[in-house]
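Given the coordinates of chain P, assemble chain X onto it according to the supplied hints.
There are 2 protein chains.
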Amino acid sequence: MARIVLDAMGSDRHPEPEIAAAHKAAAHFGDEITLVGPEERLASRITNPSVHLMHAGDVFEMAEHISADELRRSQNSMAAGIQMVKDGKADAFVTMGNTAGALATGLYKLGRIGGVKRPALTALFPVKGGRCVLLDIGANAECRPEYLVQFARMGAVYAEIILGVANPRIGLLSNGEEAGKGTTLVKETYPLLKASGLNFIGNVEGKELFGGLADVVVTDGFTGNVLLKSSEAVAKLLIDTLREELYASARTKIGGLLARPAFNRIRKLLDPADIGAVPLLGLGGLVFVGHGRSDERAVFNAVRMARQAVEGNLLVRLQSALAMEPESQVEVVG
Amino acid sequence: MARIVLDAMGSDRHPEPEIAAAHKAAAHFGDEITLVGPEERLASRITNPSVHLMHAGDVFEMAEHISADELRRSQNSMAAGIQMVKDGKADAFVTMGNTAGALATGLYKLGRIGGVKRPALTALFPVKGGRCVLLDIGANAECRPEYLVQFARMGAVYAEIILGVANPRIGLLSNGEEAGKGTTLVKETYPLLKASGLNFIGNVEGKELFGGLADVVVTDGFTGNVLLKSSEAVAKLLIDTLREELYASARTKIGGLLARPAFNRIRKLLDPADIGAVPLLGLGGLVFVGHGRSDERAVFNAVRMARQAVEGNLLVRLQSALAMEPESQVEVVG
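Chains as they are written, first to last, in my numbering: chain P, 15 to 348; chain X, 15 to 348.
The shape of chain P in the complex, shown without the other chains (with noise of 0.2 Å):
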């Protein structure tokens, strides 16, 4: 059983995927779902008691800069249900809005789990024979070395309970496999990660990545940011490419009707609706953020996303997992 807070107006389409979703995962799960948003616009919709609603009347703005005055006043659906994790009431909350407002609001009122230098959002990316953690993908898009040394401990963690991995090989994304191959950056970090007492399997470039040979990769979230939406813009350049060929004659064109449920296969793997949301790791609670595109399907594998995670007491590991970590080690480096 986990207890999540669903915000219901994060969709670009919302309230209607959130609605969907948290009464089909009620039903899957046998959980207690609440989703919170405007009373007006959600109670009617509601017919399962599992379903519950919190009322916020407000709905996140994007904003180039959110002050802490703004995060102190806020009553929008993302400040309503993060304040549920914070008193207790909810063990994650899952949104399809802004990253950088959850991110905001995560810190305001959840702060870091103890040692965390910078919280890191986490992807799980399809790749040969099965999924790898990256991280960071976006939170800080510079980084310093005993950062990225957190980002190695709380992946690990994320990998052991979501990939089910024992021990999990870490490797530091570069720009080539040698040791002294990098940005300063990189270089800081690989005597760190060697010492770490991590499974540091050493520098990683694209080919290891995708190839599966590590469970996590750690990177900056400047590049980590760059890697992802190339990486999604490769794959949709190479899939559209290939519609329009196999249109391109009646032979192939029945190629690709008969090769339909592979092709579906392969779009499955690449399609973010499966993996739903990923976390913000560092903060002190559960938070997990979705494409503002989701439709019922993306926001109900989120759900299971969180939900996992709270069935594997990730939070409570991460906290361990860092607590390992030498003070001293971290302080003196940078």
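No lab work stands behind these hints, which were simulated from the structure alone. Misleading hints may appear alongside valid ones.
Since the list can't tell identical chains apart, any single copy or any two copies may satisfy a pair.
[Said to hold, decoys possible] Computed cross-link-like contacts, SDA-like style, restricted to lysine to any residue with a CA-CA straight-line distance of at most 20 Å:
| no. | residue 1 | residue 2 |
| --- | --- | --- |
| 1 | Lys-142 | Glu-258 |
| 2 | Lys-103 | Lys-142 |
| 3 | Lys-142 | Ala-262 |
| 4 | Lys-282 | Asp-254 |
| 5 | Lys-142 | Arg-281 |
| 6 | Lys-195 | Glu-156 |
| 7 | Lys-250 | Arg-145 |
| 8 | Lys-250 | Arg-281 |
| 9 | Lys-221 | Ile-176 |
| 10 | Lys-250 | Arg-17 |
| 11 | Lys-250 | Val-179 |
| 12 | Lys-221 | Gly-194 |
| 13 | Lys-267 | Ile-253 |
| 14 | Lys-195 | Ala-40 |
| 15 | Lys-131 | Ala-335 |
| 16 | Lys-282 | Ser-263 |
| 17 | Lys-103 | Leu-284 |
Note that the structure is predicted; figures quoted are calculated from it, not measured.
For chain X alone, coordinates are given in the frame of chain P:
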């Protein structure tokens, strides 16, 4: 007519692909091509009077660090080939050998175009509807804003010549389209590009890059290299998985066979052998580098790429594009 000097000892299977490609290119283009390498391994294999031999007894050896002393004394095929460009005996040097070696040797022998801070390794990416010039993809792991502005000027000239576009659209790779997004490097480069007189379209992400919305995308060599290698790895994963899926049932297998022409066109689009080689822009002479695993076709295409640059007057046009750059503007920044 272009006078190309081709390193006979660069590819993994040297000198076979180089010898075959030199003969094919001489016959196809009517060029004079010089193969540089050990006379005893090449002389008896040259059967076309337009293919010449330049003796160089040694082969470039990979090393962690190459000293100036080693560069001065080196008798390897790379050094001898680049020397011909320096002496005005060839218009461009082409090698399938080590990129760092070509860069070090090129810098030592040819120097840089006046005013150039750093040469950049410059890729042509397959994107929707054509190709995009991306630089730097690995010559400079860490960059300063003024380098990226020069990369943009050089990339624009290259795009004009190779892609045949007038006033190329320049994008700055970032983790968000908004001007305020990115690392310090990106944020400081943005206003410089805005003021550069180039056709700067702002920050771009993977979506815009692979969607074909920019003709030239500039980034630091670390990010560019990660992007290049990851894109190749994603494409490989996708095609491999699709192939496996297609063989999973008789129906999809037949579909796959019928669809084969479409697959072959996709593979060709993604095949680096189709480009053959990429230039180190900013050196005081034309140097092109290809994959070590190149076959005859790849080396032939590398020669084609180099001669297209020669015929497009690349070096002179780079010199004038960089000479127009107000020196004071470059110096005060960063």
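Verification of the hints:
When the C-alpha separation of Lys-142 and Glu-258 is checked against a cutoff of 20 Å, the pair qualifies only between copies, where the shortest distance is 11 Å, while the shortest distance within a copy is 26 Å. For the homomeric pair Lys-103 and Lys-142, neither the shortest alpha-carbon distance inside one copy (39 Å) nor that between copies (49 Å) is at most 20 Å. With identical chains, the CA atoms of Lys-142 and Ala-262 are at most 20 Å apart between copies only, with a shortest distance of 16 Å across copies and 30 Å within one. Taking CA atoms no more than 20 Å apart as the test, Lys-282 paired with Asp-254 passes in both settings, with 15 Å inside one copy and 15 Å between copies.
Taking CA atoms no more than 20 Å apart as the test, Lys-142 paired with Arg-281 passes in both settings, with 14 Å inside one copy and 19 Å between copies. Proximity of Lys-195 to Glu-156 under the C-alpha cut-off of 20 Å is found in both arrangements, the shortest distances being 19 Å within a copy and 11 Å between copies. Proximity of Lys-250 and Arg-145 under a CA criterion of 20 Å is satisfied in both settings, with 19 Å inside one chain copy and 16 Å between copies. For a Cα distance limit of 20 Å, the shortest separation of Lys-250 from Arg-281 qualifies both inside one copy, at 9 Å, and across copies, at 15 Å.
When the C-alpha separation of Lys-221 and Ile-176 is checked against a cutoff of 20 Å, the pair qualifies neither within a copy, at 23 Å, nor between copies, at 28 Å. In the homo-oligomer, the alpha carbons of Lys-250 and Arg-17 never lie at most 20 Å apart, since the shortest distance is 36 Å inside one protomer and 41 Å across protomers. For a Cα distance limit of 20 Å, the shortest separation of Lys-250 from Val-179 qualifies neither inside one copy, at 30 Å, nor across copies, at 25 Å. Taking the shortest alpha-carbon separations for Lys-221 and Gly-194, only the intra-copy value of 18 Å comes in at or below 20 Å, while the best inter-copy value is 32 Å.
For the homomeric pair Lys-267 and Ile-253, the shortest alpha-carbon distances inside one copy (14 Å) and between copies (18 Å) are both at most 20 Å. In this assembly of identical chains, Lys-195 and Ala-40 lie within 20 Å of each other by CA distance neither inside one copy nor across copies; the values are 49 Å within and 39 Å between. Taking the closest pair of Cα atoms, Lys-131 and Ala-335 come within 20 Å of each other only inside a single copy of the chain (14 Å); across copies the shortest separation is 45 Å, beyond that limit. In the homo-oligomer, the alpha carbons of Lys-282 and Ser-263 lie at most 20 Å apart only across protomers (18 Å), although the nearest pairing inside one protomer, at 26 Å, exceeds that limit.
Taking identical chains as interchangeable, the C-alpha atoms of Lys-103 and Leu-284 are never at most 20 Å apart, the minima being 34 Å within one chain and 52 Å between chains.
Comparing the model with each numbered hint stated earlier shows that hints 2, 9, 10, 11, 14 and 17 do not hold.
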